Structure formats: structure tokens, C-alpha cells
Amino acid sequence: MPRRIHEDWQHFRDVISGRIRKALKKFIKSGQIVKNRGKNGKISINIPKIDIPHIVYGNSGEGVGRGDGKDGDVIGKDPQNGKGKGNGAGQGEAEGITINLDLEDVLRFMQDELQLPNLKKKPNEIYDEIKIKYNNISLIGPESLRHNRRTLMQTLKRQAAEGTLEKLNHVAGIKDPVRVLQPINEDKRYRQFNEIKIPSSNALIVFARDGSGSMDQAKCEIVSDMAWWIDVWIRRFYDRVDRLYVWHDSEAMEVDENKFYKYRFGGGTNCSSALKFISKQFENRYPPEKWNIYVFYFTDGDNWGEDNQIFIDTLANDFKPNVVNFTGITQILASSYSDSIKHHVDEAIKQGKLDKDCVRTVAIGGSPDGRSLWTAPSLSDDNRNEQIMEAIQQLLGNPSKLSRE
Amino acid sequence: MSSKFFHGSSLLMGDNTVPGVQLSKELKEYIPKILQACRDWGLDFYPTVVQLLTYDEISEVAAYGGFPVRFPHWSFGMEYEELQRGYEFGGHKIYEMVVNCNPCYIYNLASNTLADHLTVVAHATGHNDFFKNNIHFSATDTNMMNKMANHSARIRNYMSRWGKERVTEFLDHVMRLETLIDGSDAWTDRVIKDRNIRDERKYNKPQLLNVDKQRLYMEPFINTTAFRKKQNEDVHERDIADEIGLFKEPTKNILGFIRDNAPLKPWQADIVSMLYEEAIYFFPQRQTKVGNEGWASLTDSVIMAEQGFISLGQKSDDCGIVEYADHKMGVLGGKYSMNPYKLGFYLFSDIRERWDKGRFGQEYEECTDMHKKENWDTGAMLGKEKIFEVRKYYDDLTMIHEFFTEEFCRKQEYFHWKHYPNGEYRLESRDYQKIKKGLMQRHVNGGLPDIRLMEPNYGGRGIMMLQHFSDGRPLHDPYIGDVLSSIRFIWNNDVILSTNSDDGKERVYWQRANYLDITDRSKFDKSLNNF
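As they're listed, the protein sequences go chains A and B.
Here this note's numbering is used: position 391 in the first sequence is 1072, and no number is missing along the way.
Here this note's numbering is used: position 89 in the second sequence is 463, and no number is missing along the way.
Bear in mind the hints are in silico, worked out from the structure with no lab data behind them.
Each hint should be verified, as a subset may be incorrect.
[Claimed, not checked] EDC-like, lysine to aspartate or glutamate: derived pairs with alpha carbons at most 20 Å apart: (1) K961/A to E932/A; (2) K730/A to E462/B; (3) K792/B to D749/A; (4) K811/B to E932/A; (5) K626/B to E543/B; (6) K785/B to D752/A; (7) K709/B to E743/A; (8) K751/A to E539/B; (9) K703/A to E552/B; (10) K730/A to D644/B; (11) K538/B to D418/B.
[Unchecked claim] Stretch-level coverage of chain B by chain A, calculated; a stretch enters the list once three of its residues show a Cβ under 8 Å from a Cβ in chain A: (12) 427 to 440; (13) 497 to 508; (14) 601 to 614; (15) 698 to 712; (16) 775 to 789; (17) 803 to 811.
No experiment lies behind these values; they were computed from the predicted model shown.
Beta carbons are placed, not taken as given, at the ideal position from N, Cα and C, and that holds for glycine.
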């Protein structure tokens, strides 16, 4: 027997998830979704408990308690996270309700709100596997592949047309004359195979980042958030997704995910080293014929002056459209635009050295209009998440469409 | 009530007054003994039905406020989820639930130990006795269990007739007004009002223009259809205005006023009246939390510990007293926080001790010798009589007012805390007056702000004018707009609430059709004139 409370409970969950779905944009802007990275296709969001509003007294910030202690003793503290009401001292428990959202909802948001187009797989024919399946019929072939039923059916048709079907024949070993089906060569049908080409559904996402000392905590968090969004979106289109994390200062190296976001070292900056390292991986490990490759490079724009040209040359030579699906370059909180990587790459795209569809650039924060900022650039929380959304839109969106707008 | 609401779980009979129910083997011998002990001590309670429930079931009952059948609403589902989560994470545990009705239902958590079971029964019998005898409960309906189930059936009917969404939306609105009632109406409201018997209202008729009898053919051109329609609508409005004209004096009973006078459809009016009745039913529990819990805690401590009934069925050397102490500590514990169980229990214990030793009256009050006062003992032995008197006539406010003495405050180490902007709670002072004021403020009007309907036809515009009689504490601001918009929805006209803000200035909330105006008093007066 279904219990009454389960009906109410279900209703409650519906009310809440309906509210969340409506306000998904708000949750995404507040960065909650990215903070609670989901597993198994679920994202858990913690929302404050819904009270039924009544006219009640507010929290006047004082009250009565009991216990020992002198005047002025600290008897409790606000809970660190969550907006739990400090009704009495010492309430440390995080209030709120955890709701599991499907990743589908987030993807729908990306599709509807950000209007991201579906990713195109590589134009050149990459097949994961070519399977052979006998699902066709041919007139010639080896006897071992003869399709007996089809053959006899054909014989039956022919004999019926010729009028020989009713004819009685004497067959050795049978006393009475019987009707006989006698296939001739034209009647024979053979099984024939077809090739089934299964297109490759492998994708490689390369996340590379500048590891110089100027990439501080805030910038790394932006990298981390963006990587999550990119990952969610690309995973939607491919069965198998590999990730490669590359970190560089003056030399590049492969790191694991943890290190990628945390490692910091104040060495020099040689951006092209990362690209060179990545392109080396294409030779044996991830052959471009078999992999759809997406490269995302994050930097704060500072580079060794002479390296900029090498960077663009490497992009032009080793990251051609038939090698990678596209390359996204994100410049985070650059302190000056005029000599930054994005500037140089944009120039190169304008001059036609680089393909517009294949190399996409985007800037978060900083001064995009070319003026140099003397103070360290920073972003407010709201602004930050909004800019991340815009950046995702530009990176994964349809570049030709965006430029038209 | 039958057991069908608790499929499969065993219904136990407490004291053989409810026939036809089987007893559980383990508790069969003991529960009647406990009840008899309670009766011997002087308690006078409703017949008892003890029921064992699993945690899941007890969460369900607790989410429904103690009633197995309530109307469907998602907020109960929310409570349920919270209780479930609290249990799963090991933070909270409900030992028991008691329902104020006749017979009194006691729900025990089935996984309790025997000592816990018996303690809980003694404790719940204390509640039971309080429900039956305390004068604040004297007007509550003792057949509420059935009534709630009937409400549920009626609301389910409306849901199938008018749509679940629509009825739930209306319920959402009305439930926000549940606190805007006057508890004392439980007594007055039963009286049938005069005007319901002799309806002396004048009937409003549509006012049509006169047509010359010789020229009746002009009628459709003079009193056009549109004009007639408008006049008919006006009649409805004037009917409402007449109803409002009956308003005599400011009232706290805003929900009751809305029930009687708002332009509601029959099913809506029915829902409002049902929720009003439930709110009135729950009000005395809000009013007597400290006393009720204190009385129940005292009962179980007397029966189980003082009279030693904890040893029933115990095989261990300590006769279960350690387990009892552990249980008690869980209920009365909590450092630094204000625990109503604890306050009530110690208040009752203190009253008992004082009246046993004769520490009352003029002579004791005027005694200035502290040493003498400390060892004061006249051997009056009036304690038991006094606590039974207190449980009969007092609610939280009067109880704290009379018995929360300076000695008690100092002995129990009460203090006054303050919250600082850096997130710290600091022990502010041990000033007796401040503590007592803080405690009493929490219990005035059942802990709810005193909000009264001053004028339902403010400025002759049918605007509902509410006034908060402030004692210096600000209202919880974010909720005001929500509640006012709900009143606006039900009343179908603007609502104004004036209150004092944190800085002591008078602030006016004006809920219009689509938005909420928050202004100072002076600006408000101006804008009303221009309205």
C-alpha cells in the first residue's frame, strides 16, 4: 500500500526540482553547480530549506542560554558554510536540502541558453572498427555460402512459371512418382557480406595551462570551472573521452588532474613549449586519424617576447584542421592586452595565417580594449561566472555565427 | 481510529479501556503497571493507546504533526525528508509522539529498549494528564484525530474536483496565515453569533435607471446589458462593504476574519475554516511548551526514578537506572542552548522543593539573612499540591513570570548571549532582569508577534490595515512580503502592515496587486492621499 507521506514527499521533490529547473540559470551563475561536480550523471545541489513563511520575529541577535562561563566568553560560532540561522548558540549543522539534478538538465541549459551547436566530428573518415556482416544476397558465390531457402524459393517460382511444377517424376528409391524441385544455376542465391563502418567515437581533450607564477589561485579556479563545462559538453558527443593535462613553464610536462590545478612554479614562460609537447603526443599516442582532438590552452597572456612568433607558427603547422578539431585559447585576467598571446593570435587569424574555425580565442576579464591595467585585474563573483559562460559560448559555439552577430 | 492507517504494526492497548486491541508480549505486563503508578501518584488522564512504530512510520506521523491522516501537502513531505535525514545521519531521534485527543495515542519507536519504552510511556502519560487538565487545553477538540481525517477527505475531494495544483496553491496561501490567530477564540468561537440567526442585513439591489412606462421599448437602450452587468457587480461589492461594516474593534484573529468576510468561493471558504480550526487546535501546545514538557519530564522522573518503576523487567544489576539516566541526559542535555524540557523540568522541581520546604510567602520573601534563607525549611510539604496547581492553571508565560526567581536563575546558570558581527556568540551578562525579560518575550502570545487587524476598510477602500504591536524586536523581514501577498490574494484587495523596523522608526508595508511598497509612515500618508 502506498503511504500517504510518500505521495507528499514526491510532491515536495517535484516542487523543488521544478523550482531549481526554473532557476537553473541563477544556480549556474552562483557557481553552485560547478562546485558540486557530480558523479554518475548526477549533480547534487544544496538549496536552503523552504520555509512556509509566517510573520515571526526576526533574529535579534541576542537570547538566553544556560551553562557556566564568565562574561564575554565565546560560547559558539556561526557555521562556516550555509546560511543557517543562528537561532541558538552552537548550531553547526549545515541546513538545507540536497537535490540531485540530472546532467541532462545542465546539457539542455547549454543547448538552449548558450545555444551551443552540436560538435562536428572530423571530416576525414576515421573508423573505429570495420565489421563484416552477411546481410546481402548475390547471384554468384561459393557453394558453402548458398542460401538454400532463397534458392528453392527461386526454383519454385521458375517452375511455376514454366508449368513444370505439377509434373510427376520418378525418383530412385521412391515407389510412386513425385513432384520435384530441381534448381538450376540461375536459381542459386548466395549470401554476401557488407562492410559496416563504425565511425570513431574517441575524443581527446587536451587541457594545457601556463604554469608561471602569475597564474594564481583565482585564475586556476577559473581554469578548473571552464574545464568542467568543456568536459561535460564534449563528453556528450563521444563514447570514449581521454583527457590529457599539460602544464608548462619554460618546458612542458604531462601532469595528473590534481597537479594541473594546483601546481605553481615561478619559472619563465615559454608558451610554445606546451604546443610542441602536445603535438608530439599525436605521433604515436593519439594518432589524429583515430581521435577527435580538442585542445584548450589557458594562459594569462604573458609570454616570452620572441616566443610569440614560434607559438603562432606551431599553431599553424602542427594544429591544422585535419589534425585537431579545434584549438581554444583562453586568456584569463590578462594585465595588458597589447602584447598578449590573444592579441598575436588574433592578428594572425586576421592575416589569414590561422584558420578562424580551427583556432578560437577568448578572454576572461582583463582589459580587452587594449589599454594596459596597472592594478591587478579581478572579477566579482557574479561577473566571473557570467564571463565563464560567455567564454564557453565562444569556445564551443559556432564561430562564424558569432562573428556575424 | 483504526489500525488500518498503520498496516501491519501492532496496536497495543494501554489500560484495557479501548477494547479489541492486542497487547505486545514484552510490554503486556508492564504498561498497565506504569499507568496505575501514574494514577496512584494523582494523574488524571485520557485512556491510552500505545503503538509501536518503526522509525520510518514515526517520521511520517511526526511530519503530520502527530496525526496519521492529514490533508495532502508537500510541506509534510519536506518535514518527513528532514526527519529521515536526521535519523540517517544519526543526529536526531524521535523517541515518542503524543497526540492530544481522546483516547490519547502514544507512538513509541519500536527499536527502543524496554527501559526506554516504559520511560516513554510514563513521560507521555504526563503529557496526557497535562492535555486533560491544563485549562489552556480545555477548549480544544478531543476528537481531533477524526476531524483531521475528515479534513483530509474533504480537501482530497476538492483536489479531485478543482485540480490538485489549484487547491495546493490556495493551501500554500492559507498556511502562511496560520499564525495570525487569537488563541482565546477557541472559547468564544463556539458561540453562535447573533447575526447568523437573525440576518438583519439590508439587501442590496442593482440600481437601474428609471424608464418611462409609456416607453418601455427604450429599456434596452437606457439600461444596456453592459450597464446592468456593472450594476450587478456593484451589488456584490456593496454586499462585501456591508459585511466589513460589521467590524467592531481591532482583532488578533485575522484568519478568522478572513474566513468570515473574504470574497471566497465555497470550497475556498471551507479550506480556510478547516485550517483555522487546525491552527486553533495547535495553539495551546505552542503556548504551554515549557510547562507541558516540564510536567512530562517530572512525571517520568517521579514514576521511574523516585518510585523505582524503571526496575520493571530489568535483569541487570543497576536495575536500568543507568540507562534511564542516559536517556534523561539526552533529553535534558545541550550545553549553552535553551532547552525548554530542561527549563520546565527544573522549574517544576524547584517549585516542588520550595513548597515542600515552605520557601514562599511574605516571611520568606522579606528575609534578608542569606544563610537563614538557604537552610529555610518549615516542613510545609505542600510541593505536590502546588505542582498540580501549576499544571492546571499556568501557561509558559505565567509560569516563568511567577516561578523563574533570581535564585533559580543563578542556580541554573542562565545567561544572556549576544551575537557579534564576526560570527561569534558571546556570553553577555548574567543580569537576572535581562534574562527574565528575554525568556518572557519568547513566550508572549505563544512566541508570535502581536499583529492585529485595525481596520478592514481602510480609507473607505476595502484595504486591510494591520498593525504590529512591537515590543522592540523586529519582524523577520523576508517573510513579511510573502505573507502579505498571500493575504492580498485571499482578501482580493490591498493589505497594509505597519511595524517598527530595527532602528525604531515606523515602517509601512503596502502590498499592492503586483508589488510591495515599503515606506516610512510620513511618506505612506502622502502616497495614500494621492492613491
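Hints that the structure is at odds with (numbers, increasing)
4, 5, 8, 9, 10, 11, 13 and 14
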